[in-house]
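Chains as they are written, first to last, in numbering that gives the first Met the number 0: chain A, 0 to 406; chain B, 0 to 282.
Simulated from the structure, these hints should not be mistaken for laboratory data. Here the structure is a predicted model, which means the values were calculated and not measured. Hints may contain errors.
Said to hold, decoys possible - Here are a few chain A residues that sit away from chain B, every Cβ distance over 10 Å (derived from the structure): (1) 87; (2) 89; (3) 96; (4) 113; (5) 217; (6) 395.
Unchecked claim - Taking lysine-lysine pairs in the DSS-like style, the calculated list, with each CA pair at most 30 Å apart, reads: (7) 53(A) with 120(B); (8) 19(A) with 136(A); (9) 120(B) with 136(A); (10) 130(A) with 195(B); (11) 120(B) with 195(A); (12) 143(B) with 6(A); (13) 367(A) with 296(A); (14) 19(B) with 120(B); (15) 53(A) with 36(A); (16) 195(B) with 143(B); (17) 19(B) with 98(A); (18) 195(B) with 60(A); (19) 98(A) with 53(A); (20) 6(A) with 98(A); (21) 19(A) with 36(A); (22) 136(A) with 143(B); (23) 20(A) with 143(B); (24) 195(B) with 6(A); (25) 136(A) with 195(A); (26) 120(B) with 130(A); (27) 20(A) with 36(A); (28) 98(A) with 19(A); (29) 19(B) with 115(B); (30) 98(A) with 120(B); (31) 143(B) with 60(A); (32) 6(A) with 53(A); (33) 115(B) with 20(A); (34) 115(B) with 130(A); (35) 20(A) with 120(B); (36) 19(A) with 53(A); (37) 195(B) with 98(A); (38) 36(A) with 19(B).
Even for Gly, the Cβ is constructed at its ideal location relative to N, Cα and C.
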Amino acid sequence: MGETLIKVDGLSKKFCLSLKKSMWYGMQDIGNELLGKRHGSDGILRPDEFWAVKDINFELKRGECLGLIGHNGAGKTTLLRILNGLIRPDQGRIEMRGKVGALIALGAGFNPILTGRENIFVNASVLGLSKQYVDSKIDEIIDFAEIRDFIDSPVQSYSSGMNVRLGFAVAAILLEPDILFLDEVLAVGDITFAIKCLNAVRQITNNAAVVFVSHNMPQISRFCTRVMVMNHGAVMLDSPNPSEGIDRYYGLVQQLQQTSGTGEAEILSVVLIVNNQSIEGVEPTIPHGAEVGIRLKLRINSPSGATISVNIVDSAMNMVVAMPICNAMGTLNFFPPGIMEVHGSLGLMELTSGKYSFTIRVDDSNTKVVLTRAQGLNPFRIISDFAHWAVIERNIVPEKINILATS
Amino acid sequence: MNEHRTTIYTPDSPLINPIKLGREMFRDLADSQGLAWRLTVRDLSAQYRQTFLGFLWAIILPLANTVVWIFLSRSGLVNVSDTGLPYPAYVFTGTMLWAILMDALNAPLQMVTASKGMLSKINFPREALVVAGIYQTLINALIKVALLLIGLGAIGIYPGWGICLFPIGLLSLIMVGTVIGLILTPVGLLYSDVGKGIPLLMQFLMYLTPVVFAMPKQGISAILFRFNPLTPLILTARDWLTGLTPEFLGYFLAVNLVSVVLLFIFWIVFRLAMPVLIERMGS
Chain A
0 MGETLIKVDG LSKKFCLSLK KSMWYGMQDI GNELLGKRHG SDGILRPDEF
50 WAVKDINFEL KRGECLGLIG HNGAGKTTLL RILNGLIRPD QGRIEMRGKV
100 GALIALGAGF NPILTGRENI FVNASVLGLS KQYVDSKIDE IIDFAEIRDF
150 IDSPVQSYSS GMNVRLGFAV AAILLEPDIL FLDEVLAVGD ITFAIKCLNA
200 VRQITNNAAV VFVSHNMPQI SRFCTRVMVM NHGAVMLDSP NPSEGIDRYY
250 GLVQQLQQTS GTGEAEILSV VLIVNNQSIE GVEPTIPHGA EVGIRLKLRI
300 NSPSGATISV NIVDSAMNMV VAMPICNAMG TLNFFPPGIM EVHGSLGLME
350 LTSGKYSFTI RVDDSNTKVV LTRAQGLNPF RIISDFAHWA VIERNIVPEK
400 INILATS
Chain B
0 MNEHRTTIYT PDSPLINPIK LGREMFRDLA DSQGLAWRLT VRDLSAQYRQ
50 TFLGFLWAII LPLANTVVWI FLSRSGLVNV SDTGLPYPAY VFTGTMLWAI
100 LMDALNAPLQ MVTASKGMLS KINFPREALV VAGIYQTLIN ALIKVALLLI
150 GLGAIGIYPG WGICLFPIGL LSLIMVGTVI GLILTPVGLL YSDVGKGIPL
200 LMQFLMYLTP VVFAMPKQGI SAILFRFNPL TPLILTARDW LTGLTPEFLG
250 YFLAVNLVSV VLLFIFWIVF RLAMPVLIER MGS
């Protein structure tokens, strides 16, 4: 690892909830600074203020990548903006050595009436780069963005994809920073271009100290050498092990239990069975690849009976596994009115690491009306060493390998 | 990588270390030249690419104003006392010079407001926006002045040796306009009332400046005209342009001197205010 490039000591920043007071405090801050006093009234909270970022400490060397994760409003972006010099800290100190770059606002300063080529120069000078330097790289930028045919047309005729591609190309090709700030813009465009982006960013990050804000855990796990989990402005966990940080972050995700429907059915209990044992506790961890079963107890009031569907939902509330309860014929199983307990196997748990929960829906078998739909049931976590891009993670163990030639 | 510039951010006021502040201010000003020029080219070419009349727009408004005032005085609706110049020449120069001052005055707030998105996401020398505003004003002013010289020549008025001094008059108009604009910018960013109020206030101020009216000889308006710091700017620039001898040279110099001092003070205020304002603009 190289030399220390970023040093942050006791960094704090206050925000104000009330807009009017915030303006007034802003005026006070400017006034105080003009009198030579410190910004932010010596770290005392004034009425309606709170700590948006509280007591952050870290050091980052060349070649290291720090991932910042946390909820919306946890202070990640604010921290990034202070580091980038956009807003001033209220306490603490930041010291950075070398050229600072940021991949945050792609295509900032683009004017829709000007051509792509003209906008490359505008964008580059906003990023602080000289015309001669851009001249030497312009072909590389145009090729990277894959818009050679359109480069002399006004940007307003571009598709939104072409726009972000051009913005990304300008920043990624031209910036050769020692310190890089990334905010959720690692991969833009379609999948082919996204992969190109990731490779370009990887190349920059290898030779810089990087601070990376993202909600995309697979990206965090691929890029970061260290993870900081933030909550309400403070650091909850600072770990050199990204998967530990990601797991802690999933622990923060609240999956609200919510029931809707006509109420003519009710889920009484759900028990998960892992490797033939029922598991207890809040948010149990299920080892990746374990055999999972379910014991579902419910009451159906609707006289015409019902059908049941069990689903697994990820932390972003995307349905990842749909498991309708069927009979041997492969059609939906009919459940008569009454109270019953259903035992069934969910098969092997091959979901990638993350936080999941169950959504169970009971429909009237005649009218298809939703009798009850309960979401956020039995949240559980899966931990594997590596977060993948896919939902299902299954290893291939070859039965046989035929070597056809050696090289 | 060879350039190892160390960046330090703390809550301490930059005024504690005035030498460092001064060095940073001029370094940022130097760094912002390229960007300012690029933004100027961007804005001007975008502006004129989207219009049919192109660069003529720099002169159409003051020209229309001139025609209106010539009509008003000819028809006897408004009585204008003796100006020492043919009235059309007086109004023509007055409205053109006033338009240059207005361009300079509006530029800082306009540039900063138009760049809010960039400001809240990218760290670039903020001075570039002000400098770009000055460049744009200057280019539009040169078009106006060229037209003025042609127009005055057609009436038979030639500037004589005064033309050598006129650039000073032009630059002081732009500087004073920029200073006023810079003072208004921080508040104007928070409260859009400022942007809306400026045209109203300036319209009123125009009638207290010898733009379309001659200097009154007596009464309360004579005192107001005399104390108005914009009066010597307009009069001196006009005198140099029309071959007359400036009467208010002392006041002209005083206004410029005060403006230079104010320019520095409000440049510092602008620098200190930008992060605070960006924080409140949101991202």
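Practice item. Could you work out which earlier hints the structure fails to respect and list their numbers in ascending sequence? Key: 1, 2, 3, 4, 8, 10, 12, 18, 22, 23, 24, 28, 31 and 37
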